[in-house]
Amino acid sequence: MSELSSAAAAANVSGAAPPEAPKLPPRQWAKENLFSSPFSSFLTIATSMVLLVISRALLGFIFNPIRQWNSTATNMQLFFTRAYPDEQYVRVWSSLAAIIILTSVSMAVWRAGSSIPLSRLGRKLLAGAVLLVLLALLAPFSASATIQWTLVAVCVAAIGEGIRRSAGKGEDERSVSSLTVLVVTLAGLVASLWVVPFGHHTYIPSRQPRVLAESGTVALTTKLPWTIMLLIAVAAYLVGRVIRERLPLNPTRVTLLVLWLLAPPVLIYLVLRDPSFDMGHVVSTDLPIFAAYAVGGSLLLSWLTRPSTGEAGRIVAVVILIAGFCTFLTPMRMVVRLDMLLLAVFALAAPTFAGGPRNRKRYVLGWLGVLGVMSWLITAINTPSTVSVPGGFFIGGFSITLMVAVLTLVLSFPLGIALALARTSTMPIFRLLATWFIEFVRGVPLITILIFFSIMVPLFLPRGMHLGEVAAVVIGYVLFSAAYLAENVRGGLQSVTRGQHEAAEAVGMTTAQKTLFIVLPQGLRVAIPPLVGHCIGVFKETSLLAIIGVFDVLYIGRIVIPGQTEFMGSTKENLLFVSVIYWVFAYQMSKASQRLEERTGLGER
Amino acid sequence: MTTAPTTRERVSQRVPLWRDVIVLKWVTQVALLLVVLGTMWFLASQAGDNLRARNINTEFDFLERPVDIQISEGIDTHPDTGGRALWAAMVNTLRLSISGIFFASILGVVVGLARLSDNWIVRRIATGWVEVLRNVPLLVQMVLIYSALTALPRVGLDTGPVNGWLHISNKGISMPRVFIADGFYQWAVVVLVGVLVAHFVRRHRQAVQDETGAHTSPTLWALGTVAVFGLIGLFIHPIFSWLGPVFDGVADLLGSLPNAVPQVLLAAIVVGLAAIWIHRFISSRRSALGHLSISDDDCFRIAFTAVASLAVVALIARWTGFSAWTLNSGQDLFAVMADKFDVDGAARPFDAMRPDIIQKGRFPNYGTNGLSMSLGFASVFFAVVFYTSAFIGENVRGGILAVPKGQTEAAKAVGLGRGQIIRHVVLPQALRVILPPTGNQYLNLTKNTSLAVAVGMSDMVQVGTTVFNQTGMTLPVVAIWMLFYLSCSLTISVIVNWFNVRMRLVER
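These protein sequence lines map, in sequence, to chains A and B.
FYI, the numbering used here numbers position 454 of the first sequence as 454, with every residue one higher than the one before it.
To convert, count from 1 in the second sequence and add 605; that's the numbering used here.
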């Protein structure tokens, strides 16, 4: 009995929030945290002096009248999408809306967000107000500007104090969801677009003077879409809550995950790129190929997944694989070859998923789905785009940073897992090849790989085949990322205990089933924290594309904008802006991963 | 009369060939190997065709041919040949990596300790440092630092924050340089003798400590001995000038030896090393009771070592040029050494020079007297050091937090002092956690110096790019890059692993 209750108590303790440190009155707090010893007092004074000098210099730099901040404001569109045509800009906004809807619905379904006690929120606001006053005093402002900012700080402080007072004490202390705070903040930002006179800046290359700067609020083409985005986000969150209450949880989550996987290629290649499909060609060639593979493949797979098929099925699968390789070496339409290889993969995996009619139907549906998406995408990629962008790739700036990062991660994930499995496999040649590949790639800097691929891939291709520079670079980046990812996954795989392997074998699972259903799910779960770190790394290192000459956000901030005759020598301002963009995204990702670790207790092993 | 089939025979009868797991596994592996090799062959032949079609050859003779490259700094700013240019670039990269690793480690430890400080403001600053630097791409930081440095004042003939001693300008940073002068080698011999004496002093102090239990601080004594010798050596180093004629004699002796002597010696060394390695390897596979268990993998390794050593011996025997080269270079080495000792008795071992500024044409620039770094070097150096210090700081913090509090308390209870606790209890345990990820950071730092290409500093990648743009030799240059960076990575990981093994928990 006592054992049980103590276990319950332990569970209770681990579920509750950690006890907060007792709040001290300010004087005592300062004595303990700033002046606890002579050395500590010296450190406090010295570091605050240094901090004051540095922030004064930084603010002096930012608010220096010779800074050309209007170069950043004017080229905002260039920063995010490069020369994407204005008349088609609705495509960019709708892609963003799609991502926002997916994010909001996922947040609702996975119950993101935590509750923040009102008193803590109030204290944070008060601290923010104090910081604001300090900065306003340090910055080289005119008297009126200083007074303005002080007034703003006083307002913030008043709100904070009000929230703190109304919070209540002890047990019935009220709290607020972090999502509410987020929405209120975002609403404030969007509202400021309508109210505060930021000015209307644009850059029109076809006109003289090319730079347009008007006073007043920002252009309608900026503030209206952002307002709509905010409304969409809130609406999607509410819809997501309804979905969470009404629909069964697991299918919803799986659907959302599939949508997340599909979103990047569909948004990039169908929405943003806008291929002009040649209907005659589609009906005469693409559809028949798809139909043939769909019908033939479905029949074959439904036969292969029948448990009674046995040996013959495996032999057929191997024959298909060999046929796949043969078609790959003969000149033929690329779709046919890729579909054949895909079919071979599905046929080889079929015995693992064999079972009753329900299982078989599911497997065939999976084949049809993957085949359909692949055929559609290949057709779309091979069709010329209607978006006419001068020079280079059809998007640029921050969009291409995100695009390359997402594509690299999505493509390198399966490759990385395969490498990790090969490296931990018992088969020596697999292990050797994987180890060599991984260690080789990890020993070489990314930039040499990128240069190598951007120069050499055109040489490796058979004559008549072309690959854009961005695609070539992405291939190199995928290989690089896969090697690092494989090491992270391997760490996870090694944490799966021997007992799990043995239990799976005792139940009679094949090696493939054991790997797919027992080892990988547990291993990947453990590997989530390092994998998130890897994602942040891949996102940050897309900046290396600038060295190759791809128009990413860094290249635009460093080369393109300072090259405009109106904004000569505005490098520092734009680079500062670029680093702020990167920082905001990477910092949010790392915070999110920390919250994830805390919530699931993953990091504590 | 038929005997009953054994179990093995029955099993092999029951399993047909295409269901035998072993056979299937090997068929799959060989098939994969063939596919990989086939793909590589296919790609290589494509590349060969394409290169031939564009009249690009893939030989390494461009290393000998003249190029037109200017290198931002380092041992040779106007190299004659491609090989020399790559060599100068390699030295630059190594300088950057080694100094970067040194300073990043120091700064990283400071950051890690600051994150654990009792002082609120220090803690917050360290947290801010880590969170900002970790989440902004290194390349962005680098170009930002570069653009900030280009705004420095122009260099003048008599400018600098400390007039004549330290110059910080838009041409880079220049400071006084301490360098080894003519008397250095004689002084080094004095120090070498000092190290020898220190070894015995240390042994003696250690023996006393082991016997009596008194604190005799042997390491401190050894270091002190070396320092004393170094100090005395500054004044008495000419007493070793007699070494010059000795080296001369050795050089003459080496010149008169027949070629067979080094051949036999080298072969004996190679075979001996291989034998020692195999012996050690076998005894390491022996259990405490003397039971030997060797896996197939081990057999392969032993066989490989033996075959490789025999191959090297055969190579030495056949390739007489190599042994002749060893003899010649040995002779040269001793001749050079003799030259080094043949100096004026009053030569100083060290010398220092203040940075100088020369006016070449219209623009003043730094001369070769001071220790100067160009803007590119400075921006790569600072970016890499700051960036890596954030990561190392996190490692240090994690390592110190990983030492259980009970260890410190137990050490206090035994009566150890504060310094002793840190030196003998906390640090060894923390280092065990800190070292492996920090070694990884050193690898990353070395690879990250390749971003110097973005700020125009002449490192391996930048010079390599220029070389292949001028000569069209993409593949050889890329091969040289890969070889260079792989050997750097290998060196660092060997060193870090050596420390790891030394630090490892010795379990029974």
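Be aware that a few hints might be false.
EDC-like cross-link-like pairs, simulated, lysine to aspartate or glutamate; straight-line CA separation at most 20 Å [to be verified]: (1) B/630 to A/311; (2) A/124 to A/173; (3) B/965 to B/678; (4) A/31 to B/853; (5) B/776 to B/678; (6) A/223 to A/311; (7) B/1052 to A/439; (8) A/591 to B/999; (9) A/223 to A/439; (10) B/945 to B/961; (11) B/1010 to B/723; (12) B/965 to B/681; (13) B/776 to B/857; (14) B/630 to A/173; (15) A/591 to B/736; (16) B/945 to B/857; (17) B/776 to B/961; (18) A/124 to A/161; (19) B/1052 to A/87; (20) B/945 to B/853; (21) A/514 to A/502.
Interface residues of chain B toward chain A, partial, derived using beta-carbon atoms under 8 Å [said to hold, decoys possible]: (22) 625; (23) 628; (24) 630; (25) 642; (26) 682; (27) 686; (28) 688; (29) 721; (30) 749; (31) 754; (32) 1058; (33) 1081; (34) 1083; (35) 1085.
Covered stretches of chain A (chain B as the covering partner; in silico rule of three or more C-beta atoms under 8 Å from a C-beta of chain B) [to be verified]: (36) 44 to 51; (37) 265 to 273; (38) 424 to 430; (39) 436 to 444; (40) 563 to 576.
Calculated directly from the structure, the hints in this document are not laboratory data.
Each residue gets a CB set at the ideal place from its N, CA and C atoms; glycine is no exception.
Comparing the hints with the structure gives:
1. B/630 to A/311: OK: residue 630 of chain B and residue 311 of chain A at ~16 Å, within 20 Å.
2. A/124 to A/173: Holds, because 17 Å separates the two Cα atoms, which is no more than 20 Å.
3. B/965 to B/678: Holds, at about 16 Å.
4. A/31 to B/853: violated (72 Å)
5. B/776 to B/678: Holds, at about 11 Å.
6. A/223 to A/311: Violated, at about 64 Å.
7. B/1052 to A/439: holds (14 Å)
8. A/591 to B/999: Holds. Residue 591 of chain A to residue 999 of chain B sits at ~15 Å (cutoff 20 Å).
9. A/223 to A/439: Answer violated: residue 223 of chain A to residue 439 of chain A is near 50 Å, above 20 Å.
10. B/945 to B/961: Judged against 20 Å, a Cα distance of about 27 Å means the pair is violated.
11. B/1010 to B/723: holds (16 Å)
12. B/965 to B/681: Measuring from Cα to Cα gives roughly 18 Å; hence the hint holds.
13. B/776 to B/857: violated (49 Å)
14. B/630 to A/173: violated (64 Å)
15. A/591 to B/736: It holds: about 10 Å lies between the C-alpha atoms, which stays within 20 Å.
16. B/945 to B/857: Judged against 20 Å, a Cα distance of about 16 Å means the pair holds.
17. B/776 to B/961: Roughly 13 Å separates the two Cα atoms, so the pair holds.
18. A/124 to A/161: It holds: about 10 Å lies between the C-alpha atoms, which stays within 20 Å.
19. B/1052 to A/87: Not satisfied, since the Cα-Cα distance of roughly 44 Å exceeds 20 Å.
20. B/945 to B/853: holds (11 Å)
21. A/514 to A/502: holds (10 Å)
22. 625: violated (13 Å)
23. 628: This hint is violated: residue 628 of chain B lies away from chain A, its Cβ roughly 13 Å from the closest one there, beyond 8 Å.
24. 630: holds (6 Å)
25. 642: violated (10 Å)
26. 682: Hint on residue 682 of chain B: violated, closest Cβ of chain A at ~23 Å, above 8 Å.
27. 686: Not OK, violated: residue 686 of chain B not within 8 Å of chain A, min 22 Å.
28. 688: violated (19 Å)
29. 721: Cβ of residue 721 of chain B sits 13 Å from chain A, so the hint is violated.
30. 749: holds (5 Å)
31. 754: Status violated, d = 11 Å.
32. 1058: holds (6 Å)
33. 1081: violated (12 Å)
34. 1083: holds (5 Å)
35. 1085: violated (10 Å)
36. 44 to 51: holds (count 4)
37. 265 to 273: violated (count 0)
38. 424 to 430: Our answer is that it holds, as 4 residues pass the Cβ test (under 8 Å) against chain B, meeting three.
39. 436 to 444: Coverage by chain B holds here, the residue count being 4 at a Cβ distance below 8 Å.
40. 563 to 576: Answer holds; 4 residues pass the 8 Å Cβ test.
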